[in-house]
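Visitor: Residue strings, one per chain:
Number of protein chains: 2
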Amino acid sequence: MPGLLLRDGRPWRAGGPADLLIRDGVIARLGPGLDPGDAEVIDLGGRLVLPGLVEAHCHLDKTLYGLPWRPHSAGPALADRIADERRHRTELGLPDPAAVTALLEAMAAAGTTHVRTHTDVYSGVGLTGVEVVRDVAARLAGRITVEQVAFPQSGILANPGTAALLEEAIGLGVSAVGGIDPAGMDRDPVRHLGIVFGLAERHGVRVDLHLHDPGSLGVFELELIIERTRAAGLAGRVTVSHAYALAQADAATQDRLAEALAEAGITITTAAIFDFPVPPVKKLREAGVNVACGHDDIRDLWSPYGSGDLLERAMHLAYRSTFRRDEDIEIALEAVTFGGAGALGLDGYGLTEGAPADLVVVDAETPAHAVVTRPPRDLVLKAGHVVARAFGSHKV
Amino acid sequence: MPGLLLRDGRPWRAGGPADLLIRDGVIARLGPGLDPGDAEVIDLGGRLVLPGLVEAHCHLDKTLYGLPWRPHSAGPALADRIADERRHRTELGLPDPAAVTALLEAMAAAGTTHVRTHTDVYSGVGLTGVEVVRDVAARLAGRITVEQVAFPQSGILANPGTAALLEEAIGLGVSAVGGIDPAGMDRDPVRHLGIVFGLAERHGVRVDLHLHDPGSLGVFELELIIERTRAAGLAGRVTVSHAYALAQADAATQDRLAEALAEAGITITTAAIFDFPVPPVKKLREAGVNVACGHDDIRDLWSPYGSGDLLERAMHLAYRSTFRRDEDIEIALEAVTFGGAGALGLDGYGLTEGAPADLVVVDAETPAHAVVTRPPRDLVLKAGHVVARAFGSHKV
Numbered sequence: 001m002p003g004l005l006l007r008d009g010r011p012w013r014a015g016g017p018a019d020l021l022i023r024d025g026v027i028a029r030l031g032p033g034l035d036p037g038d039a040e041v042i043d044l045g046g047r048l049v050l051p052g053l054v055e056a057h058c059h060l061d062k063t064l065y066g067l068p069w070r071p072h073s074a075g076p077a078l079a080d081r082i083a084d085e086r087r088h089r090t091e092l093g094l095p096d097p098a099a100v101t102a103l104l105e106a107m108a109a110a111g112t113t114h115v116r117t118h119t120d121v122y123s124g125v126g127l128t129g130v131e132v133v134r135d136v137a138a139r140l141a142g143r144i145t146v147e148q149v150a151f152p153q154s155g156i157l158a159n160p161g162t163a164a165l166l167e168e169a170i171g172l173g174v175s176a177v178g179g180i181d182p183a184g185m186d187r188d189p190v191r192h193l194g195i196v197f198g199l200a201e202r203h204g205v206r207v208d209l210h211l212h213d214p215g216s217l218g219v220f221e222l223e224l225i226i227e228r229t230r231a232a233g234l235a236g237r238v239t240v241s242h243a244y245a246l247a248q249a250d251a252a253t254q255d256r257l258a259e260a261l262a263e264a265g266i267t268i269t270t271a272a273i274f275d276f277p278v279p280p281v282k283k284l285r286e287a288g289v290n291v292a293c294g295h296d297d298i299r300d301l302w303s304p305y306g307s308g309d310l311l312e313r314a315m316h317l318a319y320r321s322t323f324r325r326d327e328d329i330e331i332a333l334e335a336v337t338f339g340g341a342g343a344l345g346l347d348g349y350g351l352t353e354g355a356p357a358d359l360v361v362v363d364a365e366t367p368a369h370a371v372v373t374r375p376p377r378d379l380v381l382k383a384g385h386v387v388a389r390a391f392g393s394h395k396v
Numbered sequence: 001m002p003g004l005l006l007r008d009g010r011p012w013r014a015g016g017p018a019d020l021l022i023r024d025g026v027i028a029r030l031g032p033g034l035d036p037g038d039a040e041v042i043d044l045g046g047r048l049v050l051p052g053l054v055e056a057h058c059h060l061d062k063t064l065y066g067l068p069w070r071p072h073s074a075g076p077a078l079a080d081r082i083a084d085e086r087r088h089r090t091e092l093g094l095p096d097p098a099a100v101t102a103l104l105e106a107m108a109a110a111g112t113t114h115v116r117t118h119t120d121v122y123s124g125v126g127l128t129g130v131e132v133v134r135d136v137a138a139r140l141a142g143r144i145t146v147e148q149v150a151f152p153q154s155g156i157l158a159n160p161g162t163a164a165l166l167e168e169a170i171g172l173g174v175s176a177v178g179g180i181d182p183a184g185m186d187r188d189p190v191r192h193l194g195i196v197f198g199l200a201e202r203h204g205v206r207v208d209l210h211l212h213d214p215g216s217l218g219v220f221e222l223e224l225i226i227e228r229t230r231a232a233g234l235a236g237r238v239t240v241s242h243a244y245a246l247a248q249a250d251a252a253t254q255d256r257l258a259e260a261l262a263e264a265g266i267t268i269t270t271a272a273i274f275d276f277p278v279p280p281v282k283k284l285r286e287a288g289v290n291v292a293c294g295h296d297d298i299r300d301l302w303s304p305y306g307s308g309d310l311l312e313r314a315m316h317l318a319y320r321s322t323f324r325r326d327e328d329i330e331i332a333l334e335a336v337t338f339g340g341a342g343a344l345g346l347d348g349y350g351l352t353e354g355a356p357a358d359l360v361v362v363d364a365e366t367p368a369h370a371v372v373t374r375p376p377r378d379l380v381l382k383a384g385h386v387v388a389r390a391f392g393s394h395k396v
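Quick mapping for you: the protein sequence lines, in order, are chains F and P.
All letters in the first sequence, in the order written, are residues 1 to 396 by the working numbering.
All letters in the second sequence, in the order written, are residues 1 to 396 by the working numbering.
For the record, the hints were derived by calculation from the structure and aren't laboratory data.
Here the structure is a predicted model, which is why all the values come from computation and not from measurement.
Careful, some of the hints might be misleading.
Stretches of chain P that chain F covers, calculated by requiring three or more beta carbons in the stretch to come under 8 Å of a beta carbon on chain F [as the list claims (entries may be wrong)]: (1) 4–10; (2) 298–307; (3) 323–336; (4) 356–369.
Glycine included, C-beta positions come from ideal geometry on N, C-alpha and C.
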């Protein structure tokens, strides 16, 4: 293949304006004034180049994306939404391969090159979701990489048979095992975490736990997760999603947990949705904790909101964090790029020579400007292949 | 003039699909199957028609909209932002007529037909802002209507001479007098409110007070404002913007205040920005309180965020209010339409025969869908004149 020379870009965190020579799916060279040789040249006109965006937390199997608008039908309580989903998911034919496809295509066009999705696994739905998402993902593999977490939406202990299904899901190729509110939902945090971490240790998969439990209960569970992660030697392989308790804790407790999470190598993933608590991402980053970000629900029975655009998601995170300064807003951009890559364990991620050529080009003056205005994606490459190319103009 | 027939629209809250016949700047007729006569026909293809959007709270005089990206330069505290603005506003040439023009044009193109803006009035800046905004607004009067609030950004008592400037501003045509944290900033809530309401009573202008003061202090000030409004007989002419204390109060206090605000005819305007408290808009509406919404700062020294698009602002309000159901999301849409019209006292506002032909057409299945996806504005009319017309396609 002749390759591609991206002339006159401003790659983020790559030390100044540069050309990028793309060959065999990787960034072969990066620097000023590169010789294109036989490569096709695209003039970026000084545009900003970001590494491919990484969606660290969503639920593809639930989405109704691209289908006609469906007014939200659940009552106000969590139990209402769980019951509503159980009632309607069959009638709606979920997971819907067409909707999953439409959403992944929208994500790819918006510059997302990697996705972690939590797929429901519980008695009643079994492993259908894992298979549907796997098959759709296989068809789109050239445009976007999908990794699944086997997610016990209805609990593990509370839903007998789920532990065995999680293990079967690992056999089907999911790369992480999930969990949910070990105390609040499953009523036995130690046993719940024992099952999840046991699967991770036996099968070498990663861990990504939903933790909505609030206040001191959630703090206690974070402590248990930290202890378990250390004991199992799983640094860099465990994520806690949402972690509302971390947002609610007093400053001293946040400081203590941030240090312990950093030392244990645990990622915190936030979605910054609705009015829900957002962990103190700046404090976490300053303590050395990896922070990732994702949409959570997108146009499904749980939430009518969500677009799949991770720059928009970064805006929500920056906004809810009251980030005004460029260097702060970049923390949110980092969460949808390097932070997600850390959570997923992507090798060689970033805009460096030898890295996979996963990148997105936008017309923005600074990275913070890109988060604030979310400009169109002028060029998206996945492993060197053009996923979206719309050189045009749009600037606010 | 031959007029315009909008064929096959779905006007919001107008009882079903209808045509709209626009003549002499008003909606002359509304109903199915209208005879166009000599009017130009635009086929809306079943699109949703909303009344013109009403921006109820912004600061046009501060904006840097359309200028090159300027990283936020203030420190984290409120005092830092006030000092930063004082330091940089002269060097930046604020208010900047070009930036004000660019923002108003963007607002108009996004379907906003009326704007209330708070213009700084204090010793040092005098009435320059009022004059600049007035002159720009006059040039754009065919596209968007601007009304100014004379806003004592640095306090009234704390900034000697401001009371006289507020009165002078009224002479220059501002339609409302503002205030700011009568206790927290000016240290004497009764005197502060005495000056503001005194001006309103003497000159027949409206009142729109910034109230950020938190907790029981803010609740006390709301009580004072309610008492003052009743005593002056200013029902329907007083707005409290932000009202964080109302968001922070316990449910019983919220209930009591909601009832009193409704009875006094006071509007609550919220911006739902950053992580700042959002008043309980559903509870307020259920109690009969008029609720409006605006952007607050847009791309200025206070905030790098903001687009001028009120559907986006409605999304933020709905999102922060954790509105999922269509009927709840419509509360946010109501705030940027009818609620704003109530705050500004717009006569005959709405999609009814005889009303000014201020409207915006979008491709959305329901009003809530429009808030969630914020589709392009396919047609915008201001007093019957075409402000924006981009019949094209975009649908998520």
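Visitor: Confirm or reject each hint.
Guide: Now the hints, each set against the structure:
1. 4–10: That given contact is violated, which follows from only 0 residues of the segment 4–10 of chain P lying within Cβ reach (below 8 Å) of chain F.
2. 298–307: holds (count 4)
3. 323–336: Our answer is that it holds, as 4 residues pass the Cβ test (under 8 Å) against chain F, meeting three.
4. 356–369: holds (count 5)
Hint violations for this structure: number 1 only, all remaining hints satisfied.
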